[in-house]
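Residue numbers (the numbering used here), protein chains in the order written: chain A, 88 to 703; chain B, -8 to 251.
Honestly, the hints are just simulated from the structure, not real lab data. Among the clues, some could well be false.
Straight-line distance between alpha carbons at most 25 Å, and here's what the computed BS3-like set of lysine-lysine pairs gives [unchecked claim]:
id, chain 1, residue 1, chain 2, residue 2
1, A, 675, A, 663
2, A, 595, B, 73
3, B, 103, A, 595
4, B, 108, A, 635
5, B, 111, A, 587
6, A, 422, B, 31
7, B, 104, A, 585
8, B, 111, A, 583
9, A, 602, B, 45
10, B, 108, A, 583
Now the stretches of chain A that chain B is said to cover, found in silico as 3 or more residues with beta-carbon under 8 Å [claimed, not checked]:
id, region
11, 553 to 567
12, 586 to 598
13, 602 to 608
Not close to chain A: a few residues of chain B, all C-beta gaps over 10 Å, as computed [unchecked claim]:
id, residue
14, -6
15, 5
16, 92
17, 127
18, 162
19, 177
20, 187
21, 192
22, 194
23, 200
24, 234
25, 236
26, 239
27, 242
28, 245
Glycine residues also receive a C-beta, built at the ideal position from the N, C-alpha and C atoms.
So you can see what is in the structure, the chains are spelled out below.
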Amino acid sequence: MRLRCPSDLVKARKLIRSRYDPKKTCVTVCCGTGCLASGARDVAETFRKEIDRRGLRPRVNLRITGCHGFCERGPLVVIYPKRIFYQRVKVLDVDEILSQTILKRKIIERLLYVDPMTGKKIVYENEVPFYKKQRRLIFGNNGRIDPTKISYYIALDGYTALAKVLYKMSPQQVIAEIKRSGLRGRGGAGFPTGQKWELCRNANSRLKYIICNADEGDPGAFMDRSLLEGNPHSVLEGMIIGAYAMGAEEGYIYVRNEYPLAIKHLTIALKEAQEWGLLGKNILGSNFSFRIRINRGAGAFVCGEESALIASLEGRIGEPRPRPPFPAQEGLWGKPTNINNVKTWANIPLIINKGARWYSKIGTKTSKGTMVFSLVGKINNTGLVEIPMGISLRKMIYEIGGGIPNGKKFKAVQTGGPSGGCIPARLIDLPVDYEKLTRAGSMMGSGGMVVMDEDTCMVNVARYFLSFTRDESCGKCTPCREGIKQMYEILDNITKGKGKESDLGLLKELAQIVKDSSLCGLGQTAPNPVLTTLRYFPEEYLAHIKDKRCPAHVCQDLIRYSLIVEKCIGCQICNKACPTGAISGEKKEPQRIDQKKCIRCGACYEACKFEAIRVE
Amino acid sequence: MVRLTIDNKKIKVEEGTTLLETAQKLNIEIPTLCHHQALKPYGACRVCLVEVIKGSRLGLVASCTYPAEEGLVARTETERVKRARRLSIELLLARCPTSEKVREVALELGVKKVRFKEEKEECILCGLCVRVCEEAIAKSAISFINRGADREVTTPFKIGSLACIGCGACVYLCPTGAIKIEDVRKCRRLDFWNTKLELKKCKVCGKHFVPLVELDYLKDRIKSFEEMELPEEALEVCPKCRKRILSEKAGEFIFGEKYP
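Model the full structure from these sequences, guided by the hints.
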């Protein structure tokens, strides 16, 4: 079907909706990458077979959706219209769900979610605290649409914003609207989007390019992937609107090759959008033409940096170059280019549909709208969280995240990916917005959020993140390449008990200057983990250096496992768990640990059921 | 033309001039390691950093890449600039403790001691060799491989290069002397690039002097020998013999046929 004008789109939407009965039972199975990893594909297939076998097709629909965000509890199954929420569903549960819940309207208690804070069982999706406290403006539709079919997106008012822009707004009006909304780049730096668009719009060139940056490289972050997998058309619509506003005829999506499902869904979405006349030549009969190509990235973290991304797209080594000239002046193949993050593009249709005024009411004074975080680490509810800017870390971690597992104490949270900073527990009431996070020594970044509990050694954390940036720096400029390497060496020495007190001053000097003098954003932010841990946890550094002690019992060279003779019953489980044969002793007699053979892996400590092994 | 100020000295320069070039016009000395006037600015070594104030912006930028802008105020001698330059050179000195050039710049900037773990590299990864090979010779025989701390310059797959013509431009530009070139009998050796090239005999003295591939490259690039009033064979005579023949010819021209 090819849509030739906005009224075609309205007619198509009516037709799609008329075929869909909202009261009909619909089983949705989340098939985002997280749920697929826990076996969602088989669950979905079994549903399909069972529904067919029982002849339930006329009564029950099956829909395979993208990521719902609550990956911790996958595979997720939500049964519409009431939105009954089943979690950790297995293939063997399918039969019961069909015969009990679908046919007899009985809830299966065992599959319900239990709130770790209250211990209560929760039946409906919208009552799960993880979802209830969120404001899912750009992620909300992920659970409702089948990303491989454009009709679902269109049914939910998809491409309305595009039609409005093409027929009722001038490019300048679009830019003014985005400027008024206060939207800022969701990729990390937080540059005002409207202003960026204006720069590109005003650049004097017939050829212009726009790029969607989907080179999400932060370890543990998967917001962009989930959006591309679960709702690719929202990103495409944003890009087409942007192209119209800036006067570009060609666009690229630079997506990591490690995201096969995102690439697959994007490819389908591009094809469908083209077939429907929403992309390509003469979009919706408006004479405006725009095409999008997918470019797969080879997985270098630094290619998320604008100028490195452009270099990589051009087929050169992914290395940043100095600015000016900015991409809006000289970008891809020397032409004015605008790059925005996946989430930024997905915000555009929303702003156009609901208006800048509505949008600018969400969030804080300087940070508008919602932000998507991937909440990971030592947290009960791992997953994707979309919140209005400005809510506190406490709300994020305790109300949405469900607190810290196993009753451990919350110690710090690292925001903004590997080059963000660690914010300590005492700043838990810090509101999440661009400025507040920067002032605390961290950054918004692209939305990574790693929660750490009392068992985390902050020196080791800083060392870990630097090992990442040391490997992922492109290596072009001296401070980033050599400076991060030397910071890593110093941190490594400290965790091995070889640190000197003078190291702390040197580390601080090194971190500050690397931040100040590096060529691109990678080097300018990579020292953040060092600077924030030095600022908020100096006592941990001193414990490692002066007392040769790791307070969190993490750094292997500074700990020692020993046996509490009175508690050991001689079950020999530790003996079997030890990979180096360091534990010996007779059965039913207290065991011994040979410190020379012990590699401090902690396997015995984990295995012992009687708390007879002590770490000090 | 744009007007700007460096270290309180005002100057007018053409648009597109870099801060480094502007400073040179004002006789303000700025150390560099990865810069060469014949190549495109690169901005990697960070020893040419200067502080720039423009509107509310204040920051360190590489003077070799930053363009002169109207109303810009730059400072080359602030404490912030000195600290940054010193740290970069100290880091490079830790990487290449034996490099003469690095030690010289370090001394200029007042860095005498290295506080970091020392390595035994000879290459500071300034990229001059890579860029001269690509921009001036148009051969791209070498490039960077790996990233981060593992970055190095080498030939594809680290084996003898098929593109290298043995011209030695990289050797000439290398600030640390890491790349060496040596003619051993019939062979030109560039051990840093794992490359050996066969040499051609001089038509006059019989000494091996030019790589065969370089000769082909030159013949290819010199489009018209006639226009240059140069016989094509001239390339097949070694510089020493060429010099001797030319001086003999000059002698004959001046003193007549009886010379010498």
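Taking the hints in turn, this is what the structure says about them:
1. Taking the CA atoms of residue 675 of chain A and residue 663 of chain A, the gap is near 14 Å; set against the 25 Å cutoff, the hint holds.
2. In summary, the hint linking residue 595 of chain A to residue 73 of chain B is supported, as the alpha carbons are separated by about 17 Å, within the 25 Å threshold.
3. Under the criterion of a C-alpha separation no larger than 25 Å, the hint pairing residue 103 of chain B with residue 595 of chain A is consistent with the structure, at around 20 Å.
4. Between residue 108 of chain B and residue 635 of chain A, the direct Cα distance comes to roughly 21 Å. Compliance with the 25 Å bound is thereby established for this hinted pair.
5. Note on residue 111 of chain B and residue 587 of chain A: the hinted pairing holds, with a Cα-Cα distance of about 24 Å set against a maximum of 25 Å.
6. At most 25 Å may separate the alpha-carbon atoms for a hinted pair to count; residue 422 of chain A and residue 31 of chain B meet this at roughly 19 Å.
7. This hinted pair checks out: residue 104 of chain B and residue 585 of chain A have alpha carbons roughly 21 Å apart, not beyond 25 Å.
8. Distance restraint check for residue 111 of chain B and residue 583 of chain A: the Cα-Cα separation of roughly 24 Å lies within the 25 Å cut-off, and the hinted pair is therefore satisfied.
9. With a CA separation close to 20 Å, the supplied pair residue 602 of chain A and residue 45 of chain B stays within the 25 Å bound.
10. Among the hinted pairs, residue 108 of chain B with residue 583 of chain A is consistent with the structure: their alpha-carbon atoms are about 16 Å apart, no more than 25 Å.
11. Given as covered by chain B, the region 553 to 567 of chain A passes the check, having 11 residues with a CB less than 8 Å from a CB of that chain where 3 are the minimum.
12. Coverage of a stretch by a chain is defined here by at least three residues with a beta carbon nearer than 8 Å to that chain's beta carbons; for the region 586 to 598 of chain A and chain B the count is 3, and the condition holds.
13. Check result for the region 602 to 608 of chain A against chain B: holds, 4 residues qualifying (beta carbon to beta carbon below 8 Å, three or more required).
14. At the 10 Å boundary, the C-beta of residue -6 of chain B stays outside the reach of chain A, the nearest C-beta of that chain being 18 Å off.
15. Annotated as non-interface, residue 5 of chain B keeps its C-beta farther than 10 Å from every C-beta of chain A; the closest such distance is 16 Å.
16. No beta-carbon of chain A comes within 10 Å of the beta-carbon of residue 92 of chain B; the shortest separation is about 14 Å.
17. Residue 127 of chain B, annotated as away from the interface, keeps every beta carbon of chain A farther than 10 Å; the closest lies near 18 Å.
18. Non-interface status of residue 162 of chain B relative to chain A is upheld: no Cβ of that chain comes within 10 Å, the nearest being about 22 Å off.
19. Every CB of chain A is more than 10 Å from the CB of residue 177 of chain B (nearest about 36 Å), matching its label as outside the interface.
20. The beta carbon of residue 187 of chain B sits about 27 Å from the closest Cβ of chain A, which is more than 10 Å, so the claim that it is off the interface holds.
21. Listed as outside the interface, residue 192 of chain B is consistent with that label: its C-beta sits roughly 40 Å from the nearest C-beta of chain A, beyond the 10 Å cut-off.
22. The Cβ of residue 194 of chain B sits about 42 Å from the closest Cβ of chain A, beyond the 10 Å cut-off, so the non-interface label holds.
23. With a cut of 10 Å on Cβ distances, residue 200 of chain B stays outside the contact zone with chain A, its closest approach being about 35 Å.
24. Non-interface call for residue 234 of chain B relative to chain A: holds, since the shortest CB-CB distance, roughly 42 Å, exceeds 10 Å.
25. Residue 236 of chain B, annotated as away from the interface, keeps every beta carbon of chain A farther than 10 Å; the closest lies near 46 Å.
26. No Cβ of chain A comes within 10 Å of the Cβ of residue 239 of chain B; the nearest lies about 50 Å off, and the non-interface call holds.
27. Chain A leaves residue 242 of chain B outside its interface by the beta-carbon criterion, the shortest separation being 53 Å against a cut-off of 10 Å.
28. Taking the minimum C-beta to C-beta distance to chain A, about 54 Å, the non-interface status of residue 245 of chain B holds against the 10 Å cut.
Comparing the model with each earlier hint shows no violations; every hint is respected.
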